[in-house]
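Visitor: Residue numbers (our numbering), protein chains in the order written: chain A, 58 to 622; chain B, 4 to 305; chain C, 46 to 338.
Source of the hints: derived by calculation from the structure; they are not laboratory data. Among these hints, one or two may not hold up.
Residues from chain A that face chain B, not an exhaustive set, calculated with beta carbons under 10 Å [said to hold, decoys possible]:
hint	residue
1	Arg87
2	Met190
3	Phe195
4	Leu197
5	Val200
6	Leu207
7	Met209
8	Val211
9	Ile261
10	Phe268
11	Asn320
12	Ala322
13	Gly323
14	Phe610
Because the structure is a prediction, the values reported are computed rather than measured. All residues carry an ideal CB built from backbone N, CA and C; glycine is no exception.
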Amino acid sequence: MATSPSAHAGEHADEHGHADHRPSPYDPRRWLFSTNHKDIGTMYLIFAIIAGLVGGAMSGLLRWELAEPGLQVFNGQSVLGIVFGNEHNYNVIMSAHGLIMIFFMVMPALIGGFGNWFVPLMIGAPDMAFPRMNNISFWLLPVALSLAVLSMIVPGGSMGTGFGGGWTLYAPLSTSPQLHGGPSMDLLILSIHVAGISSILGSINFIVTIFNMRAPGMTLHRMPLFVWSILVTVWLLLLSLPVLAGAITMLLTDRNFGTNFFNAAGGGDPAMFQHLFWFFGHPEVYVLILPGFGIISQIVSTFSRKPVFGYLGMAYAMVSIGVIGFIVWAHHMYTTGMGLELEAYFVAATMIIAVPTGIKIFSWIATMWGGSIDLKVPMLWAIGFIFLFTLGGVTGVVLANSGIDTVLHDTYYVVAHFHYTMSLGATFAVFAGFYYWLPKMSGLKYSGFLGGLHFWLMFVGVNAVFFPQHFLGLQGMPRRYADYPAGFAHWNLISSYGYVITAVGVLVFLAMLLDMFVLRRRKLNAAENASPWGEGATTLEWTLSSPPPFHQFSELPVIAEEKHH
Amino acid sequence: MASHGDVKHDYHLVDPSPWPFVGSLSLFLLAVGAVVLMKGIEVQGPLKGLLAHGSPAIFGVGAIGILATMAGWWGDVIKEGQKGHHTPVVDIHLRYGMILFIASEVMFFVAWFWAYFELAIFHGVRADWIIQGDADVMKAWAHWPPPNVETFDPFHLPLMNTLILLLSGTTVTWAHHALQKGDRNGAMWGLILTVALGSLFTFIQFGMEYPEAGFMYGNQGDVTTANLYGSTFFMATGFHGAHVIIGTIFLTVCLIRLLAGQFTPQKHFGFEAAAWYWHFVDVVWLFLFAFVYVTPKLAMEG
Amino acid sequence: MKIGRIGSAVAQALILTAIGCGFAVAQTVTGPVDGQIGLQPAATEVAEDIVKFHTLLLWIITPITLFVLALLLYVVLRYNRAANPTPRKFTHNVAVEVVWTVVPVLILVFISLFSFPLLFKQEQIPPAQLTIKATGNAWRWDYSYPDQGVDFASLPLSEKDATSQNRPFRMAVDEPMYVPAGVNVRMLVTSNDVIHAFSVPSFGIKEDAMPGKVNETWFNVPKEGTYYGFCQELCGTYHGFMPIEVRVVSQAEFDRWITSKGGELAAATPAAAPAAPETAPAETPAPAGAPGR
Ligand code: HEA
Ligand code: HEA
Ligand code: CUA
Ligand SMILES: [Cu+2]
Numbered sequence: 058m059a060t061s062p063s064a065h066a067g068e069h070a071d072e073h074g075h076a077d078h079r080p081s082p083y084d085p086r087r088w089l090f091s092t093n094h095k096d097i098g099t100m101y102l103i104f105a106i107i108a109g110l111v112g113g114a115m116s117g118l119l120r121w122e123l124a125e126p127g128l129q130v131f132n133g134q135s136v137l138g139i140v141f142g143n144e145h146n147y148n149v150i151m152s153a154h155g156l157i158m159i160f161f162m163v164m165p166a167l168i169g170g171f172g173n174w175f176v177p178l179m180i181g182a183p184d185m186a187f188p189r190m191n192n193i194s195f196w197l198l199p200v201a202l203s204l205a206v207l208s209m210i211v212p213g214g215s216m217g218t219g220f221g222g223g224w225t226l227y228a229p230l231s232t233s234p235q236l237h238g239g240p241s242m243d244l245l246i247l248s249i250h251v252a253g254i255s256s257i258l259g260s261i262n263f264i265v266t267i268f269n270m271r272a273p274g275m276t277l278h279r280m281p282l283f284v285w286s287i288l289v290t291v292w293l294l295l296l297s298l299p300v301l302a303g304a305i306t307m308l309l310t311d312r313n314f315g316t317n318f319f320n321a322a323g324g325g326d327p328a329m330f331q332h333l334f335w336f337f338g339h340p341e342v343y344v345l346i347l348p349g350f351g352i353i354s355q356i357v358s359t360f361s362r363k364p365v366f367g368y369l370g371m372a373y374a375m376v377s378i379g380v381i382g383f384i385v386w387a388h389h390m391y392t393t394g395m396g397l398e399l400e401a402y403f404v405a406a407t408m409i410i411a412v413p414t415g416i417k418i419f420s421w422i423a424t425m426w427g428g429s430i431d432l433k434v435p436m437l438w439a440i441g442f443i444f445l446f447t448l449g450g451v452t453g454v455v456l457a458n459s460g461i462d463t464v465l466h467d468t469y470y471v472v473a474h475f476h477y478t479m480s481l482g483a484t485f486a487v488f489a490g491f492y493y494w495l496p497k498m499s500g501l502k503y504s505g506f507l508g509g510l511h512f513w514l515m516f517v518g519v520n521a522v523f524f525p526q527h528f529l530g531l532q533g534m535p536r537r538y539a540d541y542p543a544g545f546a547h548w549n550l551i552s553s554y555g556y557v558i559t560a561v562g563v564l565v566f567l568a569m570l571l572d573m574f575v576l577r578r579r580k581l582n583a584a585e586n587a588s589p590w591g592e593g594a595t596t597l598e599w600t601l602s603s604p605p606p607f608h609q610f611s612e613l614p615v616i617a618e619e620k621h622h
Numbered sequence: 004m005a006s007h008g009d010v011k012h013d014y015h016l017v018d019p020s021p022w023p024f025v026g027s028l029s030l031f032l033l034a035v036g037a038v039v040l041m042k043g044i045e046v047q048g049p050l051k052g053l054l055a056h057g058s059p060a061i062f063g064v065g066a067i068g069i070l071a072t073m074a075g076w077w078g079d080v081i082k083e084g085q086k087g088h089h090t091p092v093v094d095i096h097l098r099y100g101m102i103l104f105i106a107s108e109v110m111f112f113v114a115w116f117w118a119y120f121e122l123a124i125f126h127g128v129r130a131d132w133i134i135q136g137d138a139d140v141m142k143a144w145a146h147w148p149p150p151n152v153e154t155f156d157p158f159h160l161p162l163m164n165t166l167i168l169l170l171s172g173t174t175v176t177w178a179h180h181a182l183q184k185g186d187r188n189g190a191m192w193g194l195i196l197t198v199a200l201g202s203l204f205t206f207i208q209f210g211m212e213y214p215e216a217g218f219m220y221g222n223q224g225d226v227t228t229a230n231l232y233g234s235t236f237f238m239a240t241g242f243h244g245a246h247v248i249i250g251t252i253f254l255t256v257c258l259i260r261l262l263a264g265q266f267t268p269q270k271h272f273g274f275e276a277a278a279w280y281w282h283f284v285d286v287v288w289l290f291l292f293a294f295v296y297v298t299p300k301l302a303m304e305g
Numbered sequence: 046m047k048i049g050r051i052g053s054a055v056a057q058a059l060i061l062t063a064i065g066c067g068f069a070v071a072q073t074v075t076g077p078v079d080g081q082i083g084l085q086p087a088a089t090e091v092a093e094d095i096v097k098f099h100t101l102l103l104w105i106i107t108p109i110t111l112f113v114l115a116l117l118l119y120v121v122l123r124y125n126r127a128a129n130p131t132p133r134k135f136t137h138n139v140a141v142e143v144v145w146t147v148v149p150v151l152i153l154v155f156i157s158l159f160s161f162p163l164l165f166k167q168e169q170i171p172p173a174q175l176t177i178k179a180t181g182n183a184w185r186w187d188y189s190y191p192d193q194g195v196d197f198a199s200l201p202l203s204e205k206d207a208t209s210q211n212r213p214f215r216m217a218v219d220e221p222m223y224v225p226a227g228v229n230v231r232m233l234v235t236s237n238d239v240i241h242a243f244s245v246p247s248f249g250i251k252e253d254a255m256p257g258k259v260n261e262t263w264f265n266v267p268k269e270g271t272y273y274g275f276c277q278e279l280c281g282t283y284h285g286f287m288p289i290e291v292r293v294v295s296q297a298e299f300d301r302w303i304t305s306k307g308g309e310l311a312a313a314t315p316a317a318a319p320a321a322p323e324t325a326p327a328e329t330p331a332p333a334g335a336p337g338r
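Using the sequences provided together with the hints, build the complete structure.
Guide: Okay, here's the thing in structure tokens:
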């Protein structure tokens, strides 16, 4: 939605004075002890980029291993000086890839990074509600990541170091004294606890900020959709993460203190872990995508130079996705033998989510309809997102049908589905947001050529990686296999070639950053300093200088009534 | 920022603070230390002893760091409050923040109740499933609570504890009303009573009730399902007990602050937060009492 | 990446197809075929329904995706800055909003018309003439035919054996599971340690092997042949190496096989009794890697 501050507030947009006494970036205390939402947001973004590179490199090992039948990497020989012992190590890398991408790349980028930077700016607030707590939300993440990395190198169990039970941590594989008796899994459990605390504290901070710190006149129904998306997201986190915390605490006691929650021999129930996990896990996937929805709404509106179509419908579609997201979790468990009635219920509930999501897709297109579209780099990513997310979403609807999920569950069809929603959906939204706000955050211009090249390489690359995986899944290829029969060779090779293209795309991304921040450092000129995107960019952050003052809105902006809607 | 010059809003722009970073580092040590205590991490070289199974050093340092962080951080919050940074709007932040924190705590207990209910309600179904030749397990699962478990008589110590907690809920309210009316003495006695009742609850639960339990936590019992009952029981009531202790400490801090004259009839959010937390702990207990103590007893008799 | 190995991979796939054509007359081999893009050919009625249902879904989701793509391309071409310099400002249109809410609902209702009957068919197990129990172990499958008194373990063939016997590596096993053609088979699935999953894609079945619980499913394969499946729930290091090979043979050959395994030919009694408590667990020594508690 377009919100413009009254003329009165605009005068203070590029204020100077005390607020601009920006501490030196070379003072470590500025970062370690920060209580500034923009600095903390920046740290989140840098953290996400590092985690993305690590997770991306790990997926490279996976694709290398899977390029052809036989064991290429995890065969006891050393790769780049590191020994990859056996299939267990494949599983370790695969689990770490999933966890790192979700908890340390997408979430920190979208919620911690963009959320921190732009929620206060967009609602006209000087900072977050709890600036100091904001900092611990960030610093707990490197702690969690270190624990996860440590977990990969300490003894896991009889098969080698690390935990190789998938990001879903299913018991009793994760509690088996034989297979995962070592300290590795315990470190991973605590890593997830810590990441969870980080997110819960962050969620509290966002909810309070959004409820209490909106500038005068910024009613809930005038908030930009990105703020709405963060609001729904953090509610999901606040209500689902503690349940995960309980579940993994039970894993911990099953492992160390002799309880039998998930151990059938002691009367416990392994399926109970799955219920608890997915009660968190399904809302979690919407946590990954909803902020992306918000970002895409801002970008589509900006570059079509047209207000968002159906603003209220867009906001409440996200709310209903969030609410329904809590009651569909067992669609991940159709093959556990839940019984007919439960399966039928979860089929119906799951499919319903396609309706609000469809509203969003079509409203974006309606926003573009009649607009004056500028195909700048962020808009490319946004359009790519809409198409690829639709593709990933409709395969979700296929999987929602228990009758067909009996064939597709735990095959590469599922892998294809969730990479289309996460690696092509959420990650495209990350890049879209990054290219959209990068000039605002840095005050610098980037090379549109490199940005565009990055987009096209990634677009082609990830499609080549993941589209063929639908075919593999339909043919029955199981996921989490380090090696496979010859019948799956063809499409796996293509998928791995696709990775090479993707990797080149990521290199171009790094080149873009190098060019922007080190080589050329082109400053935005005075005319475009506040808003390089022209009159389409109507949210409050574009009224400030780029980069914004260290403390903005020392005098709160007043939001005027909107003419439209 | 030291000077707030021409800031024209009532929000609190907090000064840079070392505590988040110190706290995070401490939590790292605490986590690694916990794993060392539980399992130990095998390494060669100088760290060998430090990481050996059961070595408490890392955990200890982490714990000290966490305690220091809590003291330093909340101490700063109190100081800021006294400097007048907690304007009405910041006060509302704190209130929302506390409510949301309690909401997340509620969801944490949902996990324990989930485990308890799933095991309790579907025990019959599970008895039909169990196949691994374990006749004992199967037999045990035909009943809930399992036959060799001797549950507590809910109308004995647990009922007493229920009354104690309910009573402490009224004393804390008394303290609140006294505080609002400016009756410092009344507030003090209300708080002292609440803390005493809270401590009494903890003593009865951990000191008198737990040692009498007719079932075990974890694998100490010899019949497998019995300890499953015990596990859910002790996890749910134990986490609740831990929250009672936290709440008692919270209230004790409030008592000290009251005596130090830090609360006024208008501004005493620290106290209110403690009271809210206390009520939350109270409500959780009522659920525990109803479902973990009373219902199984009735089910056994009925 | 060594391209040479791809050649051999393709060759292996050809072998697989070749077995299908020439190995034994009227013997089909069903498993993954390299380069294919659809579901495996259906071997049971349920699987046929699944294939049909998938085709139906494909005819729904492909047009939806292409429709979105077409709209995107259209707006980009029609309303880009050059073609449409001044943007319009409308933000509402009740008619289209109703359409894009109601039409998806109708589509979903339409999908459920086919989805639920399929689900019922899978989950309602008809009277069966043969009961087989598969037990997952880290890492191999144990099979038991409780009514015939046959128990055995099934291990994957080594690469050398597979090549020398001209059978597909990573799919072929030393002791396949035998079933007679055209018979309702009730499949009981459980596990001795961690969770596994018993799946044969061409039968349209996949059932998790949960420790402490027996899951049930069923199939009826009219056509004789060899069918391959996999363990499809992550069960640790060698999760990839516990394949499933099912031989569907004539009743006579099945009987011969049962006798050769030392089993008795049970009168074809429909096993109606509840599965769980009766069927004793397969008496097999725990494998080295099996987590024991
Ligand atoms: C960002 C993450 C994300 C998102 C947004 C989604 C969205 C959806 N997912 Fe996905 N999913 C995952 C991440 C995600 N998923 C992950 C990570 C897993 C695997 C976890 C694991 O096992 O490791 C998974 C697995 C998974 C399964 C389990 C598969 C299995 O293991 O067997 C199922 C089954 O129902 C499912 C369904 C859906 C559905 C129905 C949606 C819907 O929300 C999609 C809705 C969108 C659309 C439908 C497109 C747009 C709509 C229109 C254009 C309107 C018209 C359309 C119709 C009428 C059809 N998902
Ligand atoms: C967000 C989540 C995410 C993302 C982005 C990816 C990205 C990729 N994934 Fe991943 N994957 C998962 C989540 C994700 N994956 C999960 C949850 C699993 C399941 C694990 C399990 O089974 O337990 C999985 C499993 C999985 C498998 C299956 C393994 C198996 O079952 O055996 C494979 C195999 O090909 C694979 C490949 C890839 C590849 C080639 C990419 C490529 O797209 C990678 C290219 C790199 C990038 C796209 C990252 C670039 C981003 C940045 C550099 C950060 C930028 C940040 C800012 C701008 C702030 N993944
Ligand atoms: Cu057995 Cu996977
Ligand atoms: Cu889901």
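Visitor: Does each hint hold? Answer for all of them.
Guide: Structure-based check of each hint:
no.	hint	verdict
1	Arg87	7 Å, holds
2	Met190	7 Å, holds
3	Phe195	8 Å, holds
4	Leu197	5 Å, holds
5	Val200	4 Å, holds
6	Leu207	7 Å, holds
7	Met209	13 Å, violated
8	Val211	5 Å, holds
9	Ile261	4 Å, holds
10	Phe268	6 Å, holds
11	Asn320	9 Å, holds
12	Ala322	6 Å, holds
13	Gly323	4 Å, holds
14	Phe610	7 Å, holds
Checked against the numbered hints above, the structure violates only hint 7.
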